[in-house]
Each structure stands twice: as C-alpha cells, then as structure tokens.
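Novice: Here is how the chains run, residue by residue.
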Amino acid sequence: MKIEEFVDRTVALAADAHRTDLVERLERARRRWADPAVRVLVVGEFKQGKSALVNALVTAPVCAVDVEAATTVPTVVKYGAPPTARLVLADHTPGDVGLAGALGDEPTRSRPVPLDQLAGFASERAHPDTVERVLYAEAAIPRAILDGGLEIVDTPGVGTLTSGYAGATASALPAADALLFVSDASRELTAPELAFLTTALRSCPNAACIITKTDAHVEWPRIVEIDRGHLHRAGLDLPVIPVSSRLRDLAIRHQDAELHDESGFPELVRHLREDIVGQARRLTARTVANDVLSVTDNLRAGWQPELSALEDPRRLPDVLRTLEQAQAEAQALRERSARWQIALGDGMGDLVSDLEHDVRERLRIVTRDAEAAIDADDPATMWDEFGGWLDERVNSALSESFLWAEESTRWLAQQVAEHFSASAADAMPVAQISDTTGVLERVPAMATLDMHTVRLSQKLLVGMRGSYGGVLMFGLLTGMAGMALINPISIGAGVLLGGKAYVEDRQNRLARRRADAKNVVRRRVDDIQFQVLKVMKDRLRLVQRTMRDHYTEVADQLQRSMADSIVSAKAVAKQGAAERDQRIAELKRSLATADQLAQGGRRLMGQPA
Amino acid sequence: MTTPIPPSGPVTQTAPTRPVTQAPPTTQATLRISGTPEATRALLAAAARAYATDPAAAGTVHALQGRLDEPLRVAIAGRLKAGKSTLLNALLGEEVAATDAGECTLVSTWYVHGPTPSARLFLLDGGIQPLVLRRVEGRLSFDLAGHAPPEVARIEVTWPAPVLAQMTLIDTPGLGSLTTEASQRAQDLVAPAAGRVAPTAGPATPATGPGVDALIFLLRHRHAADLEVLEDFRRQSDPSTGAENQPTNVIGVLSRADEVGGGGLDALIKSQDMATAYARDPRVRPVCQRVLPLAGLVAQGAQTLRQTEFESLRRLAAMPRERRELLLVSARRFITAPDPDVAPEERRALADRLGLFGIRLAMVLLPYGHDEPMSLADELLRRSGLPALQQAVVDTYARAADLLKASTALAGLGRLLAAGPCPDPDLPRRFEATVLAAHDLRELRLVARLSAGGVPGLDPEEVAAARRLAGAYGTDPATRLGLTEDREDDPATRPGRAAPAAEEIRRAALEALAHWRRVAADPLAVRTLRECGETLTRTCEALLIGATVATGEDRPTATPTTVPPGDDAASAPSAGTS
Chain A
3 MKIEEFVDRT VALAADAHRT DLVERLERAR RRWADPAVRV LVVGEFKQGK SALVNALVTA
63 PVCAVDVEAA TTVPTVVKYG APPTARLVLA DHTPGDVGLA GALGDEPTRS RPVPLDQLAG
123 FASERAHPDT VERVLYAEAA IPRAILDGGL EIVDTPGVGT LTSGYAGATA SALPAADALL
183 FVSDASRELT APELAFLTTA LRSCPNAACI ITKTDAHVEW PRIVEIDRGH LHRAGLDLPV
243 IPVSSRLRDL AIRHQDAELH DESGFPELVR HLREDIVGQA RRLTARTVAN DVLSVTDNLR
303 AGWQPELSAL EDPRRLPDVL RTLEQAQAEA QALRERSARW QIALGDGMGD LVSDLEHDVR
363 ERLRIVTRDA EAAIDADDPA TMWDEFGGWL DERVNSALSE SFLWAEESTR WLAQQVAEHF
423 SASAADAMPV AQISDTTGVL ERVPAMATLD MHTVRLSQKL LVGMRGSYGG VLMFGLLTGM
483 AGMALINPIS IGAGVLLGGK AYVEDRQNRL ARRRADAKNV VRRRVDDIQF QVLKVMKDRL
543 RLVQRTMRDH YTEVADQLQR SMADSIVSAK AVAKQGAAER DQRIAELKRS LATADQLAQG
603 GRRLMGQPA
Chain B
2 MTTPIPPSGP VTQTAPTRPV TQAPPTTQAT LRISGTPEAT RALLAAAARA YATDPAAAGT
62 VHALQGRLDE PLRVAIAGRL KAGKSTLLNA LLGEEVAATD AGECTLVSTW YVHGPTPSAR
122 LFLLDGGIQP LVLRRVEGRL SFDLAGHAPP EVARIEVTWP APVLAQMTLI DTPGLGSLTT
182 EASQRAQDLV APAAGRVAPT AGPATPATGP GVDALIFLLR HRHAADLEVL EDFRRQSDPS
242 TGAENQPTNV IGVLSRADEV GGGGLDALIK SQDMATAYAR DPRVRPVCQR VLPLAGLVAQ
302 GAQTLRQTEF ESLRRLAAMP RERRELLLVS ARRFITAPDP DVAPEERRAL ADRLGLFGIR
362 LAMVLLPYGH DEPMSLADEL LRRSGLPALQ QAVVDTYARA ADLLKASTAL AGLGRLLAAG
422 PCPDPDLPRR FEATVLAAHD LRELRLVARL SAGGVPGLDP EEVAAARRLA GAYGTDPATR
482 LGLTEDREDD PATRPGRAAP AAEEIRRAAL EALAHWRRVA ADPLAVRTLR ECGETLTRTC
542 EALLIGATVA TGEDRPTATP TTVPPGDDAA SAPSAGTS
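Protein chains in written order, with the numbering used here: chain A, 3 to 611; chain B, 2 to 579.
Derived from the structure by calculation, the hints contain no laboratory data. The C-beta atom is built at its ideal place from N, Cα and C for all residues, glycine as well. Misleading hints may appear alongside valid ones.
As the list claims (entries may be wrong) - Pairwise CB distance ranges (calculated):
hint	chain 1	residue 1	chain 2	residue 2	range
1	B	464	A	386	24 to 32 angstroms
2	B	420	A	508	26 to 34 angstroms
3	A	536	B	523	53 to 61 angstroms
4	B	523	A	456	18 to 26 angstroms
5	B	126	A	417	51 to 59 angstroms
6	A	456	B	527	19 to 27 angstroms
7	B	376	A	85	49 to 57 angstroms
8	B	131	A	378	42 to 50 angstroms
Said to hold, decoys possible - Simulated coverage check for chain A against chain B, where a stretch passes if three residues somewhere in it have a Cβ under 8 angstroms from a Cβ of chain B:
hint	segment
9	210-218
10	248-257
Based on the provided sequences and hints, a complete structural model is requested.
Specialist: Next comes the structure, spelled out in structure tokens:
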C-alpha cells in the first residue's frame, strides 16, 4: 500500500467518526511526506576535490573547479526544470552570517545569473569583482539523481588561511540530513581531518567518507584500507567510498560503462539514493505510520467499549465504570498540575539557567583570551585578522553551547515522554536547537577601531610642542647667564624634550589603541551575548511550548475518545434491537478497517529505518 | 627480499646520478664583514664562564656551543605524506629512505656524512645502540632492535652522500598525523612549544629552541596549520627581535607538483604559477620567502633510472597512441589492464618509480630527441624541479652554514638571557651588540629577500649585482665585486684566472659604493629598497677598508683578510655610517 493511500483511508475513517482533531493530525503527517527535501552537505578540507565531486555527481559544471583557488561560497544544487541559477546575497553588512543564515531562513535578496557563469562566483578568483556579498549560489537543474528531493551542497573547505569560510560550514551542519566527507587518495586521513569529522558527526550523524582522485593514485586501495582502519579506531564506522570524478566525466563523455564502474560513482549514487534519500524517506514514513497508529488507537479506544456494551447490555455498568476511570486519568493528564507538566516546567527552568551560565562562561573565556592577545601585540598590526579570529572563537564556543542545549533538551523530552504511552512519545516533533543558523544576524557589525595614526605633520607638531617648553625654559635660564634665548643649550634641551614628548605620545597612542580595542571586543562580545541569550531562550521556550502543545493535544485526544465512548455507551441502553444490530455491524466494520490500518502502520514501523 | 648492504658507496646503477653542485670550500675566501660566527663563539665562551655555577643554564650553553661545531642541521618537514622521504632520497641521489603509500616515517632519521654506511639508534633514556643496516629492495629498513617508536629519540644514519658533507639532513615524521606522538616529535624538533623538552635534540632544554638550524618545508596547499609551524620556527630561530620578518632559514617546497590539477602534462607549469603565488601571498611571505615546485617522485626516479625501465618506457612510447591513452586513463587501469607489449608488472614498477605524470612526461620526451637513457633521465630531472631546489639549498644553506648556525645559537642565547637575570651583567650588553653588529646576518636576509624578488624598484641586472655584492656567490671581495667570474650564477665554473689586484678591487668597490649610496639616499625609494642600499653601502665600505689594508701591505686579496673575532671589532668597519 502506498503511503498516500494509507493516510487517505485513515483520514476517511477519522472523518466518519467526526474526529476533526485526528483528521488535522493526519493532514500534518501527509504534508510532511509530500515535502521530501533531503539536504546533503559535501564537506572536508580544501582542495580535496569536493566541487569536482558535485559536478561529476550531477554531470554539470555548476561548481568552481580550479588547480589553486579554493571554493569560497557554498553552492546548493537541486532539482529544477528548466535549469536556473541564482546568487543569494546578503542584505546586511558583512561579518555576521555565512552559509548558515542563508540556508535556514528565507533569504533576503537574490539575483538570477546565467547557469554557465555560476561557478565563476563561487571561488577565490571571483571575490575582487563581486562587490555584493554572496551568501550562497544556487543551481536548479533537471537531473534524475536530484529528482527525489535531494539537495547537494558544495561547501568551502576547512583549514584555509581565511578562517571565515570554515565557520560558515560548521554552523550549517545541523541543518543537513547527511554528510559526504571528502578526502583525496594522495594520503591517509590526517589528525585535523578526523577531528573535524568527529565534531561534524555530533551535529549530523548520517555520513559517508568519500575518497576522491583515485584515477591519479596507484595505491588508492591501500589508502582506503588505512582510512577504514583510522575511522574504525576512532569509533566512526562510516561507509568509505572511493571515487574518481575525472573517470566519471570521461565515462559519460565516451559512453563507457566499464570506465563508469571503475569511477566508483555507481556505488556513491546507490549510497545517496538508498542510504541517504531512502533512509530519510523511511524515517518520514515511520513518523507517518506512527501518526496513523496513534489515530487508530484513539478510534478503537472509542469503539471497542461501545461494541462490547452493545453485544452484552448486562456488562454496561462495568464498561461505563472502566471508561469513566480512563476518562478521569486522561483528564488528569490535561490538568496544569499534571506530573509531566511539572517535569517539563522545572526541567526547562533548570536548562535555561544552566545554559545562560554556560554561554556567559564560554564568552568570558573568549574575552579573556582576546584581551591577552591585545596586550601582547599592537592592535594596529593585527586588527585585520583579529575580527575574523574573534568571530571564529565565538562561533566555535557557541556551537558547543548550542549542541549541549540540544542534547539536554532531548534528554528532557525523554523524561517527559515517560509519562505517556510509547506511541505518543515517538510522534514528538523533533526540534532543531543546535542549528546556529542566523543567530548572529541581528548583532551589529563589529565597531571599527580608531588606529590613532598620525601624519608626519602631526608628529612634528607633537615634537615641536615638547621642544617649545624646553627651549623657553633653558633659554630663560641661560638668558640670566647672559646668553641669547636661542642658544646651543636651549636648543639641545628642546630637542631632548621634543623627542621625549614624541616617544611619550607614541606610547600613549599604543595604550589608547589597546584600551579602545579591548572596549570594542567587550562591546562585541556583549552584543553577541545579549543576542545569543535571547535566541537561545526563545528557542527553548519554543521547544517547551511545542512539547506542551503536543502532549496536551495527545491528552485531549485521549480524553475526547473516552468521552465519546461514554456518550455512545450510554446511548446503547436506549436503542432498539434492529438499530443495535445495525450499529454492531457498523462498528465491527470500522474496527476491522482500523485493525487493518494499524497492522499496516506497524509493518511500516517495523521496517529497519 | 632482504640483502645485506654493500660495503661502501651507492648501489650500482645504469643511469648516472647527478652530483650535487659543490660549494666552493669555505676556507678559500673568507672576508667576514663582521664575523658573526666568531663573535658568537666568543660570546658563548663568555656565557659558559658566566653560568658556570648554574648547571641547567650551563648545559644549555654547552649544547649551543656543541651545535656550532657540528654540521648544519637541515630538517625536511611538512604535513603527513607531503613527500619528505622522497625528497630526501632525491637529495641524496639514491633510494635510501623508505617511502610508502601509508605513513611510514615514525621516527626522526638523521643522515650524517661518513665514509661507510652505518646506523645508530638513540634512545630517549640516553642509550645508544648500533643498528644493523638492511636494505629491502634498495631501501633501508630498521627493526629498532626491539624498541617501540615512542622510546626512540632518533636514528642516525651515516651515509657517504656528497650533500651530507655540507649539512646533516633530517627526515621527520609528518605533522598532523593520526600517530600523534610521531607528529609531536616532529613538532618538538622544529618548533618546541614553550616548556616542553625536545628529546630528539639530545640533551636539549626548551631554551635551546629548535633542534635544527634550517628547514626545507614541504607544502601542498596553503594550510593555516603549516603557517603556524613556520611562524613558531621563525620566532624561535631568529635572534633579532621581531621587526625583520625575513626568514633566511626556510625554503618552501611545493611538493607533489606532478599531481597538481590531476597530473596532466601542464601540471609543472601550473605548479610553478602556484609556487609563485604562494611566495607572493602576504600571509606566507613573512614565514617563508621562497617556494619552489618539486615533482619529487619524478626526480627520485630520474636520478636512478634503470636500463630495464628505460626499455619499458620506450616500448610504451612505441605503442599506438590510442592504446596507450587507454592504459593511461587511470592509475588502476595502467597497472592491471592486459597489454601484449608491456606486461602489467612492468607497468606497475614504472608507476611506482615515476608516477603517472612521470610516465606521461617521458612519453612526450621520448619522441623529441630524448631517446637515450642519459638524456631522458637528465631532462626528466631538469623538469622535476630538483636541480633548482638543490641550487637553492646550496646557495642558501651550504654557503651560509656557519652564519645560520650562529644565528640559531644567538637565538638560543637570547632566550636564555631573557629567561632570568644573568650572573654577568655585561653579557646582555655584549649579546645586544653582537646581534646589532651582525652585518653578515643582514646580508643573508638581503640575499634571501632579493632571491624571492622582494625588493621592488631594481632592474634584473641590479638585482644580480646586489646578490653578488651581498655574498650570495661567495664572500671574497673579488667575487662580491664580480671581478673573477665569467658566469655569475655558477661558481663551479669559475675560471682559474689570476686574482685581481687590490687596486682593481678598490676601484670597483668605490664604484659600487657610490651607486648604493645613491640608492640609500633616494628619498623617493620605498623602505625596503633604501634598506637594501644601506646594507650594501656598508658592505662596500668594509670591502674598501680591506682593499686599502691590502694595498698598504701589498698582499694579494685571495688571502683571507679576516677581521679579528669579538664584538668590538665586529662593529668597527661601519662606525661611520650607523
């Protein structure tokens, strides 16, 4: 049975029972099934062949490939006919969001470009010409592989000298459904690569390791073996897929099936289709099946007592008593004083205060390090890199914080779910908290630092001002001894004092620069902290509300089912024999359908996800 | 297969190895403008006396002194699998160090010069054990005599290669490897973190700083982590504080140049462009002024090309083009696909020795006149970039070995003095004076900067003259002033002409002095150019003094005119200009 049909039949059943609340729930599940976007991030160190891999996958030159220049702007490749391409631009001043803000929220501004020129905007070569800040490039092309809702994102590599790109990649990780981690066959995995992979997997556990450029390296099977060993020792049992983008291009150009097999792409495409898209579909199917199961459970809970009361009127009082007891329990779950409500409220309160402390603590360390760096060096010489460094440190500190928040929320959700039946807890909508997407969007850009640089004329003036006093002082003193105001002694004193004034002025300027720089840093961190705490609290509150609404809805549905049953069971007593038989047949039919649907749902659930 | 090592000399080869260009013997001409190596020795002797009561500091000083008498230590460093061992083999001219697709250098291996091959194992606990030298298919293989790599400080291999007579080459484990202790060991050797004892450098303390005097650093891309290591090395090995930013003891190598852009025929041209771009990068420049491309595998293979390999290559080249192209489509196909003319095993051997790029290159070279083993090997070698790198190593390191060692020792002494109050209050002052007076160090920096094209506003002829004058080709007055050489690039071809008369030197020095004074005084010139002018002005003045002395005593200038050691004498010649 197809999922759509399956849901439709359940909707019909719930509609027959006049249960609009259950119908609404099923409609939500149907919408989730209809929107199949699966986002796959291609990540790894720079110059490992990520862009070439994406190009070879979609057999179109949509990403920039170059010997030396690395990718700087992410490119999103998705299905679309006719083919189109656009650049999504930042509306605000540079320095805040990267890929993150872009991929998450609805972008602010975009500009269509010819598809064949898209690659020109995405690499280091492009930057000087494009005045606007490109958040990401997007290509929509008609390719069978993208048909199932697959979106492939080529990201800028990590480990470059320009640290900004890497932060953008890290913050986009939680929004991804799967990762392709790319490393080339010229050498085994390195320690920094493995460290990056380990962190990335915390945000997105569905990943594969792709070994590229197998055409150029004789020993690639050894490298694949060694890499498998490294991954295994690190406790990351990812599939390792060796590929060659060049061979795939050649194979397609010459229509050579053997070469295509050698390129390793059939396995990669299979992985994408079955393990990633398929997995995502199975996961969605499971939640849909879960919704169906819970709906049929609710319906049966109403019908079953009525049926037994109809079949044997003498048992009616017993049935009614059980029903009323169940209703009272359901009612208790709805109360504000219900135990799960208290667990949720308290848990959230603790979480918010812990998190606030955590964020403050981390940012305080960043500030301390930044101040130490400023004290150790002259801000004038290092300021250009300093902003980037600071943002990177803040970013990584916050990512940790947000990840921790997500882990804690999951734990809390589990605690609350224990108060309910298993199926109700399973259907809990998953919240994405760790996504740092757009968190810093509203933080004002870092203030510029006044370098207190002075022109030569000003330097002279400072020196002159210092020397003026010296000349006058000593001139007057020596004048008493009968010399002219301007004499060698007074000039000498003037030069000395002038020099001293100049040196002091320079030291003052340095001290002022340092103080200013520290102020800028503190203000920046303060701004960020303010914004981040607000976002974090909003998100947690949203999670709390989602959870509360979800479980309240579950409790409502349960209570309504019980109430309906009581009403219909009471009605049984007044019914005539003919009516009763008809009702029995009707109920049996409905129950049989519900059973069938529930069985289908369980089958779907039972499939390995 | 394991074979015992032949008693002496490299293994027999069909193709000739190219000898490393020999630097002129250093004793021939040593007019030292300010004699920093001698001054450093004197300074260290004074330090040894001053710290006699402090055993830790005395140990450091003693270690620094010891380093001055050893050959220059040059480490070949870089990330994991950058091609360090391959480069080492190429520099030695034969396949000695083991190379492999996986990580295989786990212990620092020091190659020192000696008449017969032998090896010793230095343990962390101070023990020294002789090792049996075994060669598996030509490569050395060590069984560490039952010790695990973490217990071993280093392996020292004595080998009769010509290049080792000028410097000790050190093959290091890769940085950023998952075998963390091996990476840490390499890091300790190159740039020990503060407070860490670097066990590889023998009895070293953090104060002695890097265990090496110079680096050949292999880069594949501009990795942020690589630049950090280089920055640490620069900070720890440069005695002058801060501002100079012109490291003379790092040569960057863009390694595995044959793999650039997928190993197409234009790989070397592209890699040359990349190397130039790297060296121009304002983020790379402060830590590494020169970056040279190198196709290490091609270089190593070409140096030891065997007759059988040449035959295979010729048969491969004789194949119809279509069939050959099909074989060369991918590495796997090349070593497995059946073909009647060249057996897969033969092709596998070729691919291991030359790489796909080397084979493609040979296919192009063979039909165009390079159809003799010698000629093909020479052309492959020339294109691999190795001769240019060897030249740079000789120019920058071998010639300036004493200066580079003095520079490292001074940096170490500087750290010692900065660490705490010195028992001899006069020592810090003498240290400062020596560093400030180190005109030869300044010249060395100038040469490095000129070689890297870092002085704008000079035409090529002026650059050549400036390099020569600063002592890039030899430090005797006649060479500096260009009076002895027909070809200025190659000191090996220096004709045995009679040394020029002192009067001639005086005249040439005066001419050069006038020129560089004008440059130094040009108010419109950029700062680097003015500094270049100032440095060379001082050089000319020193030459003039030397020539005047020589004329006065009527002695030929080829005789060393050494300024006596000691810091006071060191700063004397330029007293008028500074």
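Novice: Run every hint past the structure and note whether it holds.
Specialist: We went through each hint and held it up to the structure:
1. B:464 to A:386: 24 to 32 angstroms: Cβ of residue 464 of chain B to Cβ of residue 386 of chain A: about 30 angstroms, so the range 24 to 32 angstroms holds.
2. B:420 to A:508: 26 to 34 angstroms: Check passed, 28 angstroms falls within 26 to 34 angstroms.
3. A:536 to B:523: 53 to 61 angstroms: holds, 59 angstroms
4. B:523 to A:456: 18 to 26 angstroms: holds, 25 angstroms
5. B:126 to A:417: 51 to 59 angstroms: At 55 angstroms between Cβs, range holds.
6. A:456 to B:527: 19 to 27 angstroms: For residue 527 of chain B against residue 456 of chain A, whose Cβ atoms are near 21 angstroms apart, the range 19 to 27 angstroms holds.
7. B:376 to A:85: 49 to 57 angstroms: holds, 52 angstroms
8. B:131 to A:378: 42 to 50 angstroms: Holds, at about 48 angstroms.
9. 210-218: That given contact holds, which follows from 4 residues of the segment 210-218 of chain A lying within Cβ reach (below 8 angstroms) of chain B.
10. 248-257: Since three or more residues must qualify, the claim that chain B covers the segment 248-257 of chain A holds, with 3 doing so at under 8 angstroms.
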